[in-house]
Amino acid sequence: MKAGGVEAGEVARASVARSGVNKGVAVLDFILRIVAFICTLGSAIAMGTTDETLPFFTRFIRFRAKYDDLPTFTFFVVANSVVGAYLVLSLPLSIFHIMRSAAQNSRIVLVIFDVAMLALLTAGASASAAIVYLAHKGNTKANWFSICQQFNSFCERISGSLIGSFGGVVVLMLLILLSAIALSRR
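At position 38 of the sequence shown the residue is numbered 38 (full-length UniProt numbering), and the sequence of numbers has no breaks.
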């Protein structure tokens, strides 16, 4: 009889410990979603408000660099905005996981959508990274000159927005790993 009572007590303690760890994982999930939202929103705003105009010879002839001159940067802004909206919409589900850390089906749904948003964000950031590289270095074989020597502010802002977006990519990867850990503990 004592052996059975001891086993039941150990199982109960293990269950309470597992529940505490799962709640901690859920709280970390919530915090990381907020961080990822800030990264993607900041990136979308920084890129979407990028605009620089340089005078050329006279006041009437000017060169202008704006984010929507390149479709890649427009895709970047849209991708970051969609992922940011998804992250805000996923916060209530993340709060639900804090309250009920044993929920599995909703966590699986979040993992599926997290992976899709990771793919979208990675596509937008990677495509824009190629254009930013060309803006900084140019390509002499294709006669594309670097524009960052003239448009300093423009290049600083688009580079900064890339950093925020790739930060969001890393946080989304962490979210997927956290969800996988939470699901594997069941």
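Please note that a few of the clues may not be correct.
[Said to hold, decoys possible] List time: in silico SDA-like cross-link candidates among lysine to any residue, alpha-carbon distance up to 25 Å:
no., residue 1, residue 2
1, LYS137, PHE151
2, LYS66, VAL115
3, LYS137, GLU156
4, LYS23, ILE95
5, LYS141, ASN152
6, LYS23, VAL115
7, LYS66, LEU93
8, LYS66, LYS137
9, LYS23, ILE176
10, LYS66, ALA127
11, LYS141, ALA65
12, LYS23, ASN139
13, LYS137, ILE95
14, LYS137, ILE98
15, LYS23, LEU118
16, LYS66, ILE176
17, LYS66, TRP144
18, LYS137, GLY167
19, LYS141, PRO71
20, LYS23, SER146
[Stated by the list, open to error] Pairwise CB distance ranges (calculated):
no., residue 1, residue 2, range
21, THR49, ALA85, 13 to 23 Å
22, GLN150, ALA180, 38 to 48 Å
23, VAL82, TRP144, 26 to 36 Å
I should point out that these hints are in silico values taken from the structure, not numbers from a laboratory. It should be emphasised that the depicted structure is a prediction, and the values quoted were computed from it without experimental measurement. All C-beta atoms, glycine included, are put in the ideal place defined by N, C-alpha and C.
Next item on the list: Check each numbered hint against the structure and report the violated ones by number, ascending.
Entry: 2, 7, 12, 13, 14, 16, 20
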